[in-house]
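> Here's the letter readout for the chains.
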Amino acid sequence: MQFLMEFKEDLYANFIEDHRWKYLVNGLGNTLIITLFAVIFGMLLGFLLAVIRATHDKTGKLRFLNLIAKIYLTVIRGTPVVVQLLIIYFVIFGSVDINKTLVAVLAFGLNSAAYVAEIVRSGIMSIDQGQFEAGASLGLNYPMTMIYIILPQAFKNILPALANEFIVLLKETSVADYIAIEDLTKGGDIIRSQTYEAFLPLIAVAVIYLVLVMFLTHLVSKLERRLAVNDKR
Amino acid sequence: MISVKKLNKSFGELHILKDLDTQIEQGEKVVIVGPSGSGKSTFLRCLNLMETPTSGSIFFEGTDITKASTSEVNLLRRKMGMVFQHFNLFPHLTIRKNITLAPIKLGLMSKEEADAKASSLLQKVGLADKAEQYPNQLSGGQKQRIAIARALAMNPAVMLFDEPTSALDPEMVGEVLNLMKELAEDGMTMIVVTHEMGFAKEVASRVMFMSDGMILEEAPPKAFFENPQNPRLQEFLSKVL
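Protein sequence lines, in the order shown, are assigned to chains R and B.
Numbering-wise, the numbering used here comes out as the position in the first sequence, counting from 1, plus 45.
Numbering-wise, the numbering used here comes out as the position in the second sequence, counting from 1, plus 19.
In isolation and in its complexed conformation, chain R is listed as follows (with noise of 0.2 Å):
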């Protein structure tokens, strides 16, 4: 009885008293932003890298343009995204006036982008030979054969591992705090920081980015489903 009641009390304190739950609701709001956005962002930039790696690949064209992917693959992946954070904000962007969110969204876009287009690259890659030469062999163009036959069937089978990327950038944004934005891990120790209890506001975010996680485990799965009914027999 004696603990239920401490329970309640800490409840009160860190959620409900002060509308604490603001900052944990506002808080995801912009992790939810800066993720979306991020990922929009990441995926774009992520298919261009992997068609211009993939074309060269396959047909030794776009050397330039291969070259110069290599080496942001590399960098970026070689790279704590914190530190690629950090230089955006203050390095690149440090001596103008610019919202920290779109600093953000550009920083982890950035980075996603480089894990993207390894993604998509494997996914082009395992597309058997025949399917270009088909595409070919019928007057099709390069470009058109990767639109119509490459990609739509590389983007179902990197589908989970492009789902997991968008997962982690999810949990990877819990670093924004870096450049003081207020996310969702930022909102929770924020409250911490005022309660002076740790226990119940970091639960607490820890089960909101869970339930997320869940949630678009889910979805994908989903979409996986009906992307799987032409397999059928």
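Hints are not guaranteed to be accurate.
Covered by chain B, per the in silico footprint, the following chain R stretches (three or more residues, Cβ under 8 Å) [claimed, not checked]:
id	segment
1	172-179
2	196-204
Below, computed lysine-lysine pairings styled on DSS-like, alpha-carbon distance capped at 30 Å [claimed, not checked]:
id	chain 1	residue 1	chain 2	residue 2
3	B	LYS143	B	LYS116
4	R	LYS106	B	LYS98
5	B	LYS149	R	LYS201
6	B	LYS98	B	LYS200
7	B	LYS136	B	LYS98
8	R	LYS103	B	LYS124
9	R	LYS103	B	LYS25
10	B	LYS130	R	LYS201
11	R	LYS106	B	LYS24
12	B	LYS116	R	LYS267
13	R	LYS201	R	LYS267
In case anyone wonders, no lab produced these hints; they're calculated from the structure.
Note that CB positions come from ideal geometry on N, CA and C, so glycine has one too.
Assemble the complex: chain R is given as a structure, and chain B must be docked to it using the hints.
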């Protein structure tokens, strides 16, 4: 229609095609036979530049296609239908869309025209009821008939067949060969790489024997099978007939 002059193809050190010379006229049905590794498929794939020749020329309707730009090659390939050993249907598209994709995306037909064309082609290959199914729901023989329909949808001037029955279960070979026979009777110019000697005898206007990257003998089927000149061909025929 197609004229090949001093065609050479090497893969690195490997010299696959050695100074090939031949001529293929409109309406001819040329069947290419020979032992594996003789360069038959490579030769066929050079004709629509799936493989880039190392040297020599290929004239198609008067122009040297080995000197064509990439976009010219794409235009050329519309006129040369190709059927592959492993079908290479697009697994993510329905049968109908497999057939209509290229004509629609290349702006050659409206969607309605392409659909009508697909329906009539499916009728022709005897698979009208499969239009909305996916390739994986079909048997090997059916897949290959669809692949032929897909190539025909481009209204090609010539059809190239690269071992079209080699990947099929024996009982499905007949349906594909019968369809090819019909095509031949319709007057289609055909170049066929195959191991089906019966087909060569029955359908070919000329049979070509390739060995070690060279054309060792070319003759109408009767002379080819009954009176072979080249000792290599005699040996080959003694093994396969």
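> Look at each hint and say if it fits the structure.
Outcome of the hint check:
Given as covered by chain B, the segment 172-179 of chain R passes the check, having 5 residues with a CB less than 8 Å from a CB of that chain where 3 are the minimum. For the segment 196-204 of chain R, the proposed coverage by chain B is satisfied: 3 residues have a C-beta within less than 8 Å of a C-beta in that chain, meeting the threshold of three. Annotation: proposed proximity of LYS143/B to LYS116/B holds, straight-line Cα distance about 17 Å (limit 30 Å). Using a Cα cut-off of 30 Å, the hinted pair LYS106/R and LYS98/B holds, with the two alpha carbons roughly 26 Å apart.
Between the alpha carbons of LYS149/B and LYS201/R the distance comes to roughly 23 Å, so the proposed pair stays at or under 30 Å and holds. Simply put, LYS98/B and LYS200/B have alpha-carbon atoms about 20 Å apart, close enough for the 30 Å limit, and the pair holds. At most 30 Å may separate the alpha-carbon atoms for a hinted pair to count; LYS136/B and LYS98/B meet this at roughly 17 Å. Between LYS103/R and LYS124/B, the direct Cα distance comes to roughly 23 Å. Compliance with the 30 Å bound is thereby established for this hinted pair.
Among the hinted pairs, LYS103/R with LYS25/B is consistent with the structure: their alpha-carbon atoms are about 28 Å apart, no more than 30 Å. Under the criterion of a C-alpha separation no larger than 30 Å, the hint pairing LYS130/B with LYS201/R is consistent with the structure, at around 26 Å. This hinted pair checks out: LYS106/R and LYS24/B have alpha carbons roughly 28 Å apart, not beyond 30 Å. The straight-line distance between the Cα atoms of LYS116/B and LYS267/R is roughly 25 Å, inside the 30 Å bound, and the hint therefore holds.
Between LYS201/R and LYS267/R the CA atoms are separated by roughly 13 Å; this keeps the pair inside 30 Å, and the hint holds.
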